[in-house]
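Take the sequences, apply the hints, and build the full model.
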Amino acid sequence: MTALLWLIPAALMLGAMGLLGFFWAMKSGQYDDLDGAAERILIDDDGPIVDDEDER
Amino acid sequence: MASVEPVLGPAIAQAGSPAQAHGDEITAFVRETEEGKAIDLAVEGAHCAACIVKIEDGLQKLDGVKRARLNLSTGRLAVKFHGADAKAEEIVGRLEHLGYRARPYQPETADDPKSDEEKRLLRALGVAGFASANVMLLSISVWAGEGEMSLPTITLMHWISGLIALPAVAYSGWPFFKNAIAGIKSRNVNMDLPISLAVLLACGLSIYETALGHGAAYFDAAIMLLFFLLIGRFLDVRLRARAGQAARDLAALQARIAHRIEPDGAIKAIPARDVKPGDLLRIAPGDRLPVDGVIIEGRGEIDAALVTGETQPQMLEPGSTVYSGMINLNAPLTVKATAARDDSLLAEIARLVEAGEQGRSRYVRYADKAARAYVPGVFIMALVTLIGWLGVTGNVHDAVMNAIAVLIITCPCALALVVPAVQVVASGRLYGEGVLVKSGDALERLAEAKSVVFDKTGTLTLGRPSLINRDDISPRALTLAARLARGSRHPISRAVADAAGPGPLADDLQEIAGGGLTGTAEGAVVQFGSASWLGLEKQGQDPDPSVLEAWLLVEGETPVRFVFSDGLRADAPEAVTGLKAQGLPVELLSGDREAPVAAAAHALGLDRYQAGLKPQDKIARINALNEAGEAPIMVGDGINDAPALAAAHVSISMGSAADISRSAADLVIQGDRLAALPRAVEIARAAKARMMENFTLANIYNVIAVPLAVFGLVTPLVAAIAMSASSLVVMANALRLWRA
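Top to bottom, those sequences are chains Z and Y. So the number in the numbering used here is just where the residue sits in the first sequence, counting from 1, plus 139. So the number in the numbering used here is just where the residue sits in the second sequence, counting from 1, plus 1463.
One or more of the hints may lead you astray.
To be verified - Far from chain Z, some chain Y residues (derived; all Cβ distances over 10 Å):
| id | residue |
| --- | --- |
| 1 | A1501 |
| 2 | L1535 |
| 3 | T1537 |
| 4 | K1543 |
| 5 | K1582 |
| 6 | Q2079 |
Claimed, not checked - Here are the computed lysine-lysine pairs in the BS3-like style, where the Cα-Cα straight-line distance is at most 25 Å:
| id | chain 1 | residue 1 | chain 2 | residue 2 |
| --- | --- | --- | --- | --- |
| 7 | Y | K1799 | Y | K1739 |
| 8 | Y | K1731 | Y | K1832 |
| 9 | Y | K1648 | Y | K1832 |
| 10 | Y | K1543 | Z | K166 |
| 11 | Y | K2151 | Y | K1901 |
| 12 | Y | K1731 | Z | K166 |
Honestly, the hints are just simulated from the structure, not real lab data. Note that the coordinates shown come from a computational prediction; the quantities given were computed from them, not determined experimentally. Each residue gets a CB set at the ideal place from its N, CA and C atoms; glycine is no exception.
Listed below in structure tokens is the structure:
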């Protein structure tokens, strides 16, 4: 039975950490632009993708 | 009525870059912040990583631009920059050069109630999800350990469950408790009352049982119930917010600016809502009047299509009254504002709209109807159980327990999910079809509608004239007329320019307000305008009153007649046929003159039409239909349609409609696709069928579960399974709509 006394608080702690993580993500605006975040990972920061033609 | 939007016409494209044409509008939206100037833009056409880079890098290369950040989900671009306000024009010009159309918009304030509610629900959903996962973990070990686990261990598990569930219920259940309290205060029974009761009773009973050490607790059922309901409610709010944002985007495209003449003679661009009575306003050709007023100086033609539904422009002179929403066509006007924006014709219309909406608020939603039938039924059932058990066994504790079990098990979970689940799916599908659903009950009312009333100008028709006798006109005559017409914003000139396509302008081009255009091309003087202005004799045939005409006169040649009419939208016949096929009689109500209305009605095969109607006449007709039980759908776009839209059983406006019509309507068709109408009716009817099925399912569930509760057979395990299963079945049935 003592196993439970460890397991239940451990489960709760882990769950609570997940919940806090979710709140933090929401507060820091990570859900504001879901599509943008998915596309931004494709951007290569080394050089702009702007066409030369558009540049001028 | 995007068709009359001046800045995009081919005529202007000749005159200069569009950015210059509405540059002063942009500067009015520049905000001062702590770190310099800021402007928010709604960008069209950005949808991939390359677009983000192109836009953000492209702007950051501009001098003075500090930061540009594009939100791809919403299409909003926030730019921070240094320097003069006019820099904003350069930014928009740059975007246009990169291939994206951008318009400034007023950003929502941080305390936007809609997005607050969405965030609040999302947090509640997170808490409920966390709590139900952990409580379930404990409950399952109790169920699995049946017969092995000692009573003190079970009680310990229940106390821990309670410690997790009770704060979570208090937090996540608040949206429901709040509505239930409001419902009791206003003496309206709503679904949130039985939900709140079921949750609170389940928790109260569990605490009592756990304290006695009996070993039956319903914490898991209570928190799971809230979790499922919150999913439905969150999706509902988010979809509504998305539709609302799309509607605001449309409004941003029509940002209103007024040009006030300052005492020193300078002209200043100000937001239209800052205009005060007595202000002198400069109305350039192509501008829309921001408020009601009287013309002080200038003579010119005015397009009142959006205000009265009349396609033929009117000639106005000093002393004439003009109304907000009218478009100045060809001469600069000085107008004295007679009323501030909140006090103009628009405001009068707004009052009529409000009156119509009050009538509509009497509509009772299906969910509330169900709640009204359901709540007394459940309470009577619980009472019968209490009395029955008391009478048969005389055991007060068992009687009370079983009565409470009835209240919990008939849990409105499935019933409460019936309507939102279906509505979320149906609204999502309509959103995909380009139809925005603005209010929750609009779909129910759309499914019930028994007739359709159309406005003509701008709804069934394009709202602007187009050339109809092109075959009778020689290519040379058309080219000559177009060289004159490209320099004018008059709807007839625009029609000629559209028909001829891009090309050069004539020399010495002059526009005579109320007459026509004159210029020189190919070495000859060319004139294009009305017969009376050109001094032409009346020709053989009588002019058809349903069309507009103009004449081209080239020095020393026979005059050529150009005929125009306000053409039907390409998909209007399809829409009308589709609606008729669904058993809805179609009717036409217009503020335009008899002849064009009759012509449009004839072309669409409509027998019922009325012309020359004022807004009040339209309301009268709509009310007559309402009273006759014809439950009309009103489809319109003009300012004059707004009160009728509000009065109708359900209303639909075009995406390009006047602001007030869009806000009065229940549904908005984006992109003005009339063909979406029959589709919308079809989806609404399918949604209603799904709702009815769901009500049946929820009732079947209750028929099975209630006897169990009445005879005291409900254990926590049965309660948890029954509640979750019924919710899942209802959700699954709603999802079938995606394919219907």
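Going down the list of hints, with the structure as the test:
Taking the minimum C-beta to C-beta distance to chain Z, about 17 Å, the non-interface status of A1501 of chain Y holds against the 10 Å cut. Non-interface status of L1535 of chain Y relative to chain Z is broken: a Cβ of that chain comes within 10 Å, the nearest being about 3 Å off. For T1537 of chain Y, the requirement that its beta carbon stay farther than 10 Å from each beta carbon of chain Z is not met, with the minimum near 7 Å. With a least beta-carbon separation of about 16 Å from chain Z, K1543 of chain Y lies farther than 10 Å from that chain, consistent with its non-interface assignment.
For K1582 of chain Y, the requirement that its beta carbon stay farther than 10 Å from each beta carbon of chain Z is not met, with the minimum near 7 Å. Even its closest Cβ contact with chain Z, about 45 Å, leaves Q2079 of chain Y beyond 10 Å, as expected for a residue assigned away from the interface. Straight-line distance between C-alpha atoms of K1799 of chain Y and K1739 of chain Y comes to about 10 Å, which keeps the hinted pair within the 25 Å bound. Only pairs whose Cα atoms come within 25 Å are accepted, and K1731 of chain Y paired with K1832 of chain Y is rejected, the gap being roughly 55 Å.
Restraint check for K1648 of chain Y and K1832 of chain Y: the C-alpha separation of about 18 Å stays at or below 25 Å, so the hint holds. Note on K1543 of chain Y and K166 of chain Z: the hinted pairing holds, with a Cα-Cα distance of about 22 Å set against a maximum of 25 Å. A C-alpha spacing of about 17 Å is found between K2151 of chain Y and K1901 of chain Y, which places the hinted pair at or below 25 Å, so the restraint holds. A C-alpha spacing of about 40 Å is found between K1731 of chain Y and K166 of chain Z, which places the hinted pair above 25 Å, so the restraint is violated.
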